[in-house]
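Chemist: Here is what each chain is made of, one letter per residue.
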Amino acid sequence: MKSTLKTVLGKFGPFLGLALVILFFSLPAETRQFFLSYHNFKIILTQTVIVAVGSLGMTLVIVSGGIDLSVGSSIALTSVIGALMIQHGWNTAGVVAAVVAAGGLLGLINGLAITSLRMTPFIITLGMLGIGRGVAKWLAANQTVNYDQSPINGWMTTARPFGYALPAGVSVAIVLAVLTSLVLRRTVFGRHIFALGSNEATARLCGVPTFRLKVLVYAVAGCLFGLSGLFQLSRLRQGDPTVAVGLELDIIAAVIIGGASLNGGVGSVLGSMIGALIMSVLRNGSQQMGWPTYFQEIIIGLVIIVAVFLDRLRQGRPQ
Amino acid sequence: MSSAGAGLRLSGIRKSFGATLALRSVSLEIGQGEVHALIGENGAGKSTLMKVLSGAHAPDSGSMELGGRPYAPTGPHDARMKGVAMIYQELNLALHLPAWENVVMGAEPARLGWIDRRAARVLAKGALAQLGHERFDLDKNAGDCTIAEQQVIEIARALLIKPKVLIMDEPTSSLGRADTERLFAAIRRLKAQGVSIIYISHFLEECREVADRYSILKDGESVGSGPMMGASLDQIISLMTGRAAVDLYPRSEREPGAVVLEVKEAASAPRLVRASFTLRAGEIFGLAGLIGAGRTDLLRTIFGLDETERGSVAVFGSVGRSATPRLRWAEGVGFLSENRKEEGLMLGQSIAENMTLTKLGTFGRLGWVSPSAQRRVASRWITELSVRCAGPDQAVGALSGGNQQKVALARLLEHPARILLLDEPTRGIDVGSKAQIYERIGQLAASGKAVVVVSSYLPELFGLCDRIGVMCRGELAEVRPRADWTEEGLLKAALGGG
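Top to bottom, those sequences are chains A and B.
My numbering puts the first residue of the first sequence at 615, with every later residue one more than the last.
My numbering puts the first residue of the second sequence at 29, with every later residue one more than the last.
Note that these hints are calculated values from the structure, not bench results.
Check before you lean on any hint, since a few could be wrong.
What the hints assert, rightly or not - Pairwise CB distance ranges (calculated): (1) B:Trp142 - A:Phe825: 42 to 52 Å; (2) B:Gly339 - A:Phe825: 17 to 27 Å; (3) A:Arg926 - B:Gly285: 51 to 61 Å; (4) B:Lys369 - A:Leu796: 51 to 61 Å.
Nothing here was measured: the structure is a model prediction, and the numbers come from that model.
Even for Gly, the Cβ is constructed at its ideal location relative to N, Cα and C.
Please model the entire structure based on the sequences and the hints provided.
Modeler: Structure, rendered in structure tokens:
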């Protein structure tokens, strides 16, 4: 009986969580109608995009056995860079490329520092959290970077309440999620990431180029964080160096709720996406219930603990 | 003989783990204030016996008496409380804390939770003085102490509980001669205070120097004991090894071919001092020696896991400048780690992932991997090597040791490696699986592969190998054809006795 519970939790754990959360907010009659409306569904998806794209990169990093605390700063920095580029009259393709490259560069530096200095990812990326934020404020001269108009502004809008089309940001996030999932599960690069996170010594013994792979993982994740910064820019319609403070914790939480292990070697893109959705639905639902934000924070904190606890039950591993 | 009843007496101790019988029947008698050397080959059951004594394992049958009273510890803590303390080969110290804190650790004199520092220091000083180290610097961090000083701290800690029996496992393995002398002096002081000491060591000369009596363990059985005085080295060695060879080792028809591996004066930090040998296709070369003699280091250096500091390694005639495991696999060299859990396998990943990791790129095109192709290959090896499992998707961590080893071996076979470096290929696996693995290694050599086998189990080396080299203190000293070795000669060479 216990083993069936384990398989159920294992296969559907995150889905079950999402279903429970949605069910919970659908119960009160006064909020149900709007909460379950297509428009709200669209709002929730759009609100999830930034965390979702960030957690794609974070899934790669965490499965490889690492961690990246500099995501929030990376998002702020890349969104400031994007805003400056628009100010200077770059076209949209140029802006997108520059922002993704900037994020990738930050990740590359993280990866190189971790491997060449032989320091733990926690310390290096904690340092980068400060450095990235500082550089963002410096570039932005400690204020928001405003610009007139850009097509990028339209990628995250939910303004048309009767339109069925999803905003571009949501579509891009979905496509990226499918791609990342395939890469992680079906390519040599992806399987090597699992090997690295599962047992670095074995990976090295079996000829996996562990140093190069680590650097690559942080760089690819950095590119995704850059994209996340782009959507942040699109949402605010200005470059704000103080945005996304603490977002790294939301992103890590999404990946962990989705069943990844901080020890590496375990995790899935689908899980992380559902983890991100669970947190969005919680925020959205709490707002509609009129709960204060501190209450939302408490609930999200509890959800993280419960999710990881259930995950441990699933793996049947004490401690 | 010492007064029976005052010391430690074991009779008919038996202990098995699953199908493996670790201790068949062990009887020992150790008098009060006696230093008793426990001698045996690796795998003879010494460590299991020590774990039974120190309460980590309960025996299946047999009885123990300590000081004339039945002794049946419920756990390591209980064993210590009853007066049996153990000094492990790997020291257990908090390296960032000063010596005195390490000595009193776990037995801190305290009042309402506050440590009485003065009393603690007095206690620590007393214990150290008991060992003849009156002037030990109590405030020196354990991490700044030499290995010998660390060992003194560890023994002093054991003395705090006023032990009746002190077990020391290979205490001199990392000590120089002068420190060994000081250790022996401390042992004699403890002996004079009535402490019984079980002294485990591979160094027979040292046993002769410090022990009063000896017992020999072989294949989980006590096969002999007596007073150390007057016992000859040869007598002890023949008791340790004397065995009728079982036909576990079917010999395959094979002819040595071209030289495929040439190691010249190779050295690497910290243990490998110097090693030279050549290996031919179709040949099985054995490496004997004590644990820590540098055998594993030699394999790791060849495979590029450790950096070659001096000398050269030529694989198929080409000397690579800096070898990496990646390069070696590409050249057709495979390595089987002695440490399945830490290094050899990804326990959390599936059998299929583990078997195919070295050549993932070949399971699809353009960097893609086809899981069904991985599974197909894994299923084939599961059948071929009769791996007992639920299927290729099962996590390796869920398998038994022998089956895990087969998965690790399948990786080399699938790759396929032409030079196989096998480090303790049958460690911790049952006799049935062993026979299968021996047979497979023989077949590999017959098909023209070259094999290096590191083993601590001499019958295995004699049964399997064409030539055997002995390593001692980081050097590969002697290489001879198998027929030119005797077990006694090999053991002597391993002990550095020439």
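Chemist: Compare the structure with each hint and give your call.
Modeler: For each hint, the structure was consulted:
no.	hint	result
1	B:Trp142 - A:Phe825: 42 to 52 Å	holds (49 Å)
2	B:Gly339 - A:Phe825: 17 to 27 Å	holds (25 Å)
3	A:Arg926 - B:Gly285: 51 to 61 Å	holds (54 Å)
4	B:Lys369 - A:Leu796: 51 to 61 Å	violated (32 Å)
Consistency note: the structure conflicts with earlier hint 4 alone.
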